[in-house]
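Student: With these hints in hand, go ahead and build the complete structure from the sequences.
Residue numbers (my numbering), protein chains in the order written: chain A, 50 to 160; chain B, 116 to 230.
FYI, nobody ran anything at the bench for these hints, they're computed from the structure. Beta carbons: idealized from backbone N, C-alpha and C, even for Gly. Treat the hints with care, since some could be wrong.
[Unchecked claim] Cβ-Cβ distance ranges computed for the label pairs, FRET-style: (1) Arg124/B - Asn71/A: 46 to 54 Å; (2) Gly89/A - Thr195/B: 37 to 45 Å; (3) Val93/A - Pro198/B: 42 to 50 Å; (4) Lys133/B - Glu64/A: 41 to 49 Å; (5) Tyr145/A - Leu230/B: 19 to 27 Å.
[Claimed, not checked] DSS-like, lysine-lysine: derived pairs with alpha carbons at most 27 Å apart: (6) Lys155/B - Lys147/A; (7) Lys147/A - Lys151/B; (8) Lys137/B - Lys151/B; (9) Lys75/A - Lys155/B; (10) Lys156/B - Lys147/A; (11) Lys137/B - Lys119/A; (12) Lys133/B - Lys151/B; (13) Lys137/B - Lys156/B; (14) Lys155/B - Lys119/A; (15) Lys119/A - Lys105/A; (16) Lys118/A - Lys133/B; (17) Lys156/B - Lys118/A; (18) Lys133/B - Lys75/A; (19) Lys156/B - Lys133/B; (20) Lys156/B - Lys75/A; (21) Lys105/A - Lys147/A; (22) Lys118/A - Lys75/A.
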Amino acid sequence: SQQGEEDPQALSIQEGENATMNCSYKTSINNLQWYRQNSGRGLVHLILIRSNEREKHSGRLRVTLDTSKKSSSLLITASRAADTASYFCATWSTSYGKLTFGQGTILTVHP
Amino acid sequence: ETGVTQTPRHLVMGMTNKKSLKCEQHLGHNAMYWYKQSAKKPLELMFVYSLEERVENNSVPSRFSPECPNSSHLFLHLHTLQPEDSALYLCASSQGTGTRKETQYFGPGTRLLVL
Chain A
50 SQQGEEDPQA LSIQEGENAT MNCSYKTSIN NLQWYRQNSG RGLVHLILIR
100 SNEREKHSGR LRVTLDTSKK SSSLLITASR AADTASYFCA TWSTSYGKLT
150 FGQGTILTVH P
Chain B
116 ETGVTQTPRH LVMGMTNKKS LKCEQHLGHN AMYWYKQSAK KPLELMFVYS
166 LEERVENNSV PSRFSPECPN SSHLFLHLHT LQPEDSALYL CASSQGTGTR
216 KETQYFGPGT RLLVL
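Tutor: Structural data, given as C-alpha cells:
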C-alpha cells in the first residue's frame, strides 16, 4: 500500500504558535501533496512538492520532503484560529496513477 | 469555492430508497472522481472517469452506480444502501492528462445518512 500516515493525529496550539505535521509513506512517489479540510467540507489543495525537491514554501506554509526516509512535514507558521482544520498528505505515483491519502491530522488553533 | 459543486449537501435515506448524488465542475477538467470519507478512515477512491469513460472501479458494491454523461457532470446513483454506507461523499476533478491531473479539486461533499 502506498498509504500515507500523518503524525500526530491531533494537534492543539495557541494562535501565533507554529504547527508541524508529519507524513510517512511506503513506496516510491512522484510527488506529495498537502490538502486542508474544514469540518465536514471538501478538501482544498495547499501545496505540491515533487520527488526531486527537498523544500517548498507558500505563504505561511513550509513543506519538506525526505525521499530517503519516505517522509514529509508541513509547517504552518504564526498560526491563526482560521487554520483550524484537518490536514491530509496525499502521495502521487505514476505507477498507481492516483492520489493516496493518509488519515489526516486534526489541527485546533485556540484564539 | 473550488469550482466543483455537489448536490444535495445532506441526504437522509432509508435502505430501500433510490437517490442520486450530483457533481458539477466548472473548471474545464476532463477527469472526475468519487471518494468516500468515513470517520477515522482515509479517503477511499471509488470511481474515476477520464474523458467520460470509467477508468477505475475500486471494488465498489453494485449498490453504488456512477454515471458521467459529459466531462462536466458526474452522478452517483444509490440503491438499497446499508447503514455502513453512511459517510461524506466527495467529488473531485482534475485535468486528465499530463502532470496537471496530479492535483485534484474537491467539491464540498454530500453528507449521507442511511437509516
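Student: Hint by hint, where does the structure go against what was stated? Just the numbers, ascending.
Tutor: 1, 2, 3, 5, 11, 16 and 18
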